[in-house]
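Engineer: First to last, the protein sequences are chains A and B.
Residues in the first sequence are numbered consecutively from 1, following the numbering used here.
Residues in the second sequence are numbered consecutively from 1, following the numbering used here.
These aren't lab readings, by the way, just hints derived from the structure by calculation.
Mixed in with the good hints there might be a few duds.
Copies of the same chain are indistinguishable here, so a pair counts whether it falls within one copy or spans any two.
[As the list claims (entries may be wrong)] Straight-line alpha carbon distances no greater than 35 Å define the calculated DSBU-like cross-link-like pairs of lysine-lysine that follow:
1. 55 / 77
2. 77 / 12
3. 400 / 21
4. 196 / 77
5. 35 / 310
6. 21 / 196
7. 35 / 77
8. 310 / 400
9. 35 / 21
10. 310 / 21
11. 35 / 400
12. 21 / 77
There are 2 protein chains.
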Amino acid sequence: MSTSSILSYRGKNAPASPIRKLEPLARAAAERGTKIYHLNIGQPDIPTPASFLQKARLEPGNVLSYSPSVGLYPYRKALVDYYTGIGMPVAERDILVTTGGSEALLFVLMALCDPGDEVITPEPYYPNYGTFSMMAGATLRTLPTRIEDGFRLPPPADFAAAITPRTRAILLCNPSNPTGTLYSRDALTAVVALAKQHGLMLICDEVYRDFVYAGTPLSILSIPGAADVAIIIDSLSKRFSACGARLGCIISQRHELIDAVTRFAMARLSPPTLGQLGGLGALEDPGPFVSSMIAEFRRRRDVLMEELAKLPGVLAPEAQGAFYLMTRLPVDSSERFCAWLLNDFSHQGETVMLAPGPGFYQTPGSGQDEVRIAYVLGEAPLRRAVQLLGHALQAYPGRK
Amino acid sequence: MSTSSILSYRGKNAPASPIRKLEPLARAAAERGTKIYHLNIGQPDIPTPASFLQKARLEPGNVLSYSPSVGLYPYRKALVDYYTGIGMPVAERDILVTTGGSEALLFVLMALCDPGDEVITPEPYYPNYGTFSMMAGATLRTLPTRIEDGFRLPPPADFAAAITPRTRAILLCNPSNPTGTLYSRDALTAVVALAKQHGLMLICDEVYRDFVYAGTPLSILSIPGAADVAIIIDSLSKRFSACGARLGCIISQRHELIDAVTRFAMARLSPPTLGQLGGLGALEDPGPFVSSMIAEFRRRRDVLMEELAKLPGVLAPEAQGAFYLMTRLPVDSSERFCAWLLNDFSHQGETVMLAPGPGFYQTPGSGQDEVRIAYVLGEAPLRRAVQLLGHALQAYPGRK
Numbered sequence: 001m002s003t004s005s006i007l008s009y010r011g012k013n014a015p016a017s018p019i020r021k022l023e024p025l026a027r028a029a030a031e032r033g034t035k036i037y038h039l040n041i042g043q044p045d046i047p048t049p050a051s052f053l054q055k056a057r058l059e060p061g062n063v064l065s066y067s068p069s070v071g072l073y074p075y076r077k078a079l080v081d082y083y084t085g086i087g088m089p090v091a092e093r094d095i096l097v098t099t100g101g102s103e104a105l106l107f108v109l110m111a112l113c114d115p116g117d118e119v120i121t122p123e124p125y126y127p128n129y130g131t132f133s134m135m136a137g138a139t140l141r142t143l144p145t146r147i148e149d150g151f152r153l154p155p156p157a158d159f160a161a162a163i164t165p166r167t168r169a170i171l172l173c174n175p176s177n178p179t180g181t182l183y184s185r186d187a188l189t190a191v192v193a194l195a196k197q198h199g200l201m202l203i204c205d206e207v208y209r210d211f212v213y214a215g216t217p218l219s220i221l222s223i224p225g226a227a228d229v230a231i232i233i234d235s236l237s238k239r240f241s242a243c244g245a246r247l248g249c250i251i252s253q254r255h256e257l258i259d260a261v262t263r264f265a266m267a268r269l270s271p272p273t274l275g276q277l278g279g280l281g282a283l284e285d286p287g288p289f290v291s292s293m294i295a296e297f298r299r300r301r302d303v304l305m306e307e308l309a310k311l312p313g314v315l316a317p318e319a320q321g322a323f324y325l326m327t328r329l330p331v332d333s334s335e336r337f338c339a340w341l342l343n344d345f346s347h348q349g350e351t352v353m354l355a356p357g358p359g360f361y362q363t364p365g366s367g368q369d370e371v372r373i374a375y376v377l378g379e380a381p382l383r384r385a386v387q388l389l390g391h392a393l394q395a396y397p398g399r400k
Numbered sequence: 001m002s003t004s005s006i007l008s009y010r011g012k013n014a015p016a017s018p019i020r021k022l023e024p025l026a027r028a029a030a031e032r033g034t035k036i037y038h039l040n041i042g043q044p045d046i047p048t049p050a051s052f053l054q055k056a057r058l059e060p061g062n063v064l065s066y067s068p069s070v071g072l073y074p075y076r077k078a079l080v081d082y083y084t085g086i087g088m089p090v091a092e093r094d095i096l097v098t099t100g101g102s103e104a105l106l107f108v109l110m111a112l113c114d115p116g117d118e119v120i121t122p123e124p125y126y127p128n129y130g131t132f133s134m135m136a137g138a139t140l141r142t143l144p145t146r147i148e149d150g151f152r153l154p155p156p157a158d159f160a161a162a163i164t165p166r167t168r169a170i171l172l173c174n175p176s177n178p179t180g181t182l183y184s185r186d187a188l189t190a191v192v193a194l195a196k197q198h199g200l201m202l203i204c205d206e207v208y209r210d211f212v213y214a215g216t217p218l219s220i221l222s223i224p225g226a227a228d229v230a231i232i233i234d235s236l237s238k239r240f241s242a243c244g245a246r247l248g249c250i251i252s253q254r255h256e257l258i259d260a261v262t263r264f265a266m267a268r269l270s271p272p273t274l275g276q277l278g279g280l281g282a283l284e285d286p287g288p289f290v291s292s293m294i295a296e297f298r299r300r301r302d303v304l305m306e307e308l309a310k311l312p313g314v315l316a317p318e319a320q321g322a323f324y325l326m327t328r329l330p331v332d333s334s335e336r337f338c339a340w341l342l343n344d345f346s347h348q349g350e351t352v353m354l355a356p357g358p359g360f361y362q363t364p365g366s367g368q369d370e371v372r373i374a375y376v377l378g379e380a381p382l383r384r385a386v387q388l389l390g391h392a393l394q395a396y397p398g399r400k
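Bound conformation, chain A alone (with noise of 0.2 Å):
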């Protein structure tokens, strides 16, 4: 017997997270006495619908059971008159319920690839989207965006160059983690029309669909035609700063996909039965909650612009969505950087902690002088944390 080959290809392979995988550096630093300013993960400070951690309450005697697989029948008609609230036509049998954005994303994922088979989607790219699809089987194919044109979505011929035989789908994420880019009407509607022609599903991850500081928020399914290839991946998380609940679902009018992965979800039983009655409480009266948290953000928008723009050498595109910036720094390496800012600097015992570019980007070199800055803090802190990029990248010893 041998004692190297118990795992499958994808048990091996399958990426540790960027975004995570500083976190013992971090702790070393937290262990020697340094404040760090996260700007590393999207995991905001803003408490939670008070609505939410009320409703969420099973009192003693209660017995906390599975929901339906598909989720909560309440919850689901609150989806629906959520989406509907917002313009989005969605109706019941559209939706599933998931744990969490991320099941839904590897449920759609399981649902449409076979081994082999090929999802395009531009890069920087979130990168988990790389590991779920090793999940399934699919290889993730990626189309170069450049921080030169705001990470705008490439043209068509792009998108038709890179599809295969084994093309399956496209997806996006609107406004896009990791560049905060916001996609423009008429580059959606260009990439609706090349998924009809291509027989191609458009996965769009709008887990962020509220949160645009440039425009309006903008769901696929408004653009004409769209709901015949869309499969929205969506999410309470962010929304309802409620990232714990693990609380998301999959809306789609194509109705043999919603078959296919309620069968999926059946086999995992049931979404979180607490965060869906928190997720009740969060859709009585969203409009008031997510506006302030908006409004917030905005202004968390600004200073970020605002400080980076004070630092030499630096390239920030406009943050126009999302609550993240990958951003140009003067440096050798960002995986350096990075590391060097949890290990070997300090200004008045407090650092800042980036997720280094590379790991955002599937072709071999590109990011490296690029990090993705997470806004998730309060004006203060968030300024002292950008003020704190620059002195570190004048003291750096790999500075560009």
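Since chain A is already given, all that's left is putting chain B on it; use the hints.
Structural biologist: Below, chain B without anything else, positioned relative to chain A:
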């Protein structure tokens, strides 16, 4: 573009749950005013521990944030203390906290199996093993067991005969869902030796470990040498009547396996946080709750056996563990009988819902006269439910 081609092999072929597929008939019967005793699904009526529900609460002002991908550190520590306390040698590095036992199983199968690889499991089996295997691209090969033998584990020679060059693991559920069989120490020892001899991993689903009414709970880790090959699937769902918490774990001393599933876990970010908070409460002093719950299920088991013994033509093996019993009924087709119970039968406005046997078999034609009974009701309703089954068997036109 073909509208019939968007689904993968998995998407097309993953089966609907045989336990849940009669739900539409049940809903119609309920709408006609029939009271249904649910013996079809493993959702007990035991109140969740108050300590769980209290600890799961977050006060307003808190952020319901992601936990670490591997689980909250205090919860992992509490799990280690729990396992140590019941005599299982488990260290923190042996554990990955998962979103229910379901995710644990999917991750393990994905980490071990490439497309076309095989996993051996005794039949009848928990149907979701088949769905998860398909999602992982693996083939489930089943070894027949017999109701006349109390579904005891097949001898090693039978396992050996089923092993092919593609076999990666043996999968056991002990005590067994759906049969209620508790595997003996000798039988487990033989399977461990076989797994080691053939370089296979041994996946043990122990979510019902405490639910034992004949003998004592027996973890695979108590078999000498098992740690080299054992991968335990565990869950809080049944042990703390918290199915909706969606909280499980993977335990193995094969750290390359834990490393692989941890990388999968990073992609899905976090198990449910509220469930883990509750789990911390449940693990503070688990003994009294579990003991009293097992005592309750032992009474139910006795009621079940006592009432089934009164029904002519019914073959019920000894219910040794879990809270299921695969039972032979004198009917032409358990599929038809279970549907008839919901569509055509009622006694004083009441009927009983059971899970038809064939869904627990892969071998065509098997289980046609068997049903799975989940004895998840209190003594009085359980007695009434089995008596209803007796009335139904007398009235059923397809009685053998």
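Engineer: Now tell me if each hint is right for this structure.
Structural biologist: Hints versus structure:
1. In the homo-oligomer, the alpha carbons of residue 55 and residue 77 lie at most 35 Å apart both inside one protomer (16 Å) and across protomers (29 Å), since each shortest distance falls under that limit.
2. In the homo-oligomer, the alpha carbons of residue 77 and residue 12 lie at most 35 Å apart only across protomers (27 Å), although the nearest pairing inside one protomer, at 41 Å, exceeds that limit.
3. In this assembly of identical chains, residue 400 and residue 21 lie within 35 Å of each other by CA distance solely inside one copy; the values are 25 Å within and 63 Å between copies.
4. Proximity of residue 196 and residue 77 under a CA criterion of 35 Å is satisfied intra-copy only: 30 Å inside one chain copy versus 51 Å between copies.
5. In this assembly of identical chains, residue 35 and residue 310 lie within 35 Å of each other by CA distance solely inside one copy; the values are 23 Å within and 71 Å between copies.
6. For the identical chains of this complex, residue 21 and residue 196 are inter-copy neighbours only, at 34 Å across copies versus 39 Å inside a copy, given an alpha-carbon limit of 35 Å.
7. When the C-alpha separation of residue 35 and residue 77 is checked against a cutoff of 35 Å, the pair qualifies only between copies, where the shortest distance is 25 Å, while the shortest distance within a copy is 44 Å.
8. Taking the shortest alpha-carbon separations for residue 310 and residue 400, only the intra-copy value of 17 Å comes in at or below 35 Å, while the best inter-copy value is 86 Å.
9. In this homomeric assembly, residue 35 and residue 21 come within 35 Å of each other (Cα to Cα) only inside a single copy, at 19 Å, whereas the closest approach across copies is 54 Å.
10. Proximity of residue 310 and residue 21 under a CA criterion of 35 Å is satisfied intra-copy only: 29 Å inside one chain copy versus 62 Å between copies.
11. For the identical chains of this complex, residue 35 and residue 400 are intra-copy neighbours only, at 27 Å inside a copy versus 75 Å across copies, given an alpha-carbon limit of 35 Å.
12. Taking identical chains as interchangeable, the C-alpha atoms of residue 21 and residue 77 lie at most 35 Å apart only when they sit on different chains, with a minimum of 22 Å there against 39 Å within one chain.
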